[in-house]
Amino acid sequence: MLHQALFFLIAAMCVAGAINLLLQRHPIHSALSLIVVMGSLALLYLLLGAEFVAMIQLIVYAGAIMVLFVFVIMLLNAGEEEHTRGSRMALWFGAPAVAAIVGMVVYVLTSNSTTLREVHLGAWASTTHDVAMPLFREYLLPFEVTSILILIAILGAVVLARREH
Amino acid sequence: MVPVSYYLVLSAVLFTLGVAAFLFKRNIITIFMSIELMLNAVNLSFVAFANMHKDVSGHVFVFFVMVVAAAEAAVGLAIIIAIYRTRETLNVDRVNLLKL
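If you read the sequences in order, they're chains L and E. Under the numbering used here, the first residue of the first sequence carries the number 1, and numbering increases by one thereafter. Under the numbering used here, the first residue of the second sequence carries the number 166, and numbering increases by one thereafter.
Mixed in with the good hints there might be a few duds.
[What the hints assert, rightly or not] Lysine to aspartate or glutamate pairs mimicking EDC-like chemistry, simulated, CA-CA at most 20 Å apart:
1) E:K219 x L:E138
2) E:K219 x L:D130
3) E:K219 x L:E118
If you're looking for bench data, these hints aren't it; they were derived computationally from the structure.
Using the sequences and the hints given, assemble the complete structure.
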């Protein structure tokens, strides 16, 4: 009962933040509502027993990545978005497509509901130790490859954002 | 207790809101943020399935998705800054040439 109440409260917060992202005209308002979505997703991860993922969601996503977004919005002094003929066309053709996508995804995800089980609050929780074990054993090679990816991303960001003389 | 399907439906709704924002928004930074929203929705599915199977591999994949998202955010925002320097606009309708 408590779990259901918590789930619906946090899920409502999450969806409200996502809808607000869609409705706001100014990018800084969209960024702040995206932070709300990410914070409530961290709470959902805690409900699912994923403590490590919840913490890195807060630190990496809500902390680092969103700060980067807010910095860029302030740096470029982004104003309210303007609507053109193309945006109205996107609305007319996009709205039915979006409705079709949500219907299809929900259908596919729930069609084999006989194999889906239930989540019990506190029945299973993974600590940082539990996540670290497979990360540094079975997934050691992908983990090392991501370090190269990050290095290339840093170099790419520096080269792209450099001012040309 | 809550069925796993509730989490999956929430994930689908968040993903679709991300797609909608991607299609309807005209500001390039907001479009980029909607991609982050879609990645987050997929992460929620991963964590829900990890809980259902009592297997932490799903959490490891969420970790990798976050790493890729961080790299993508760094490169993408650098591209946005480069576009703004040459075009002086963030509206995607006005950015219609590939060359700088």
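The hints, checked one at a time:
1. E:K219 x L:E138: holds, 17 Å
2. E:K219 x L:D130: holds, 11 Å
3. E:K219 x L:E118: holds, 12 Å
Every hint, counting from the list given before, is met by this structure.
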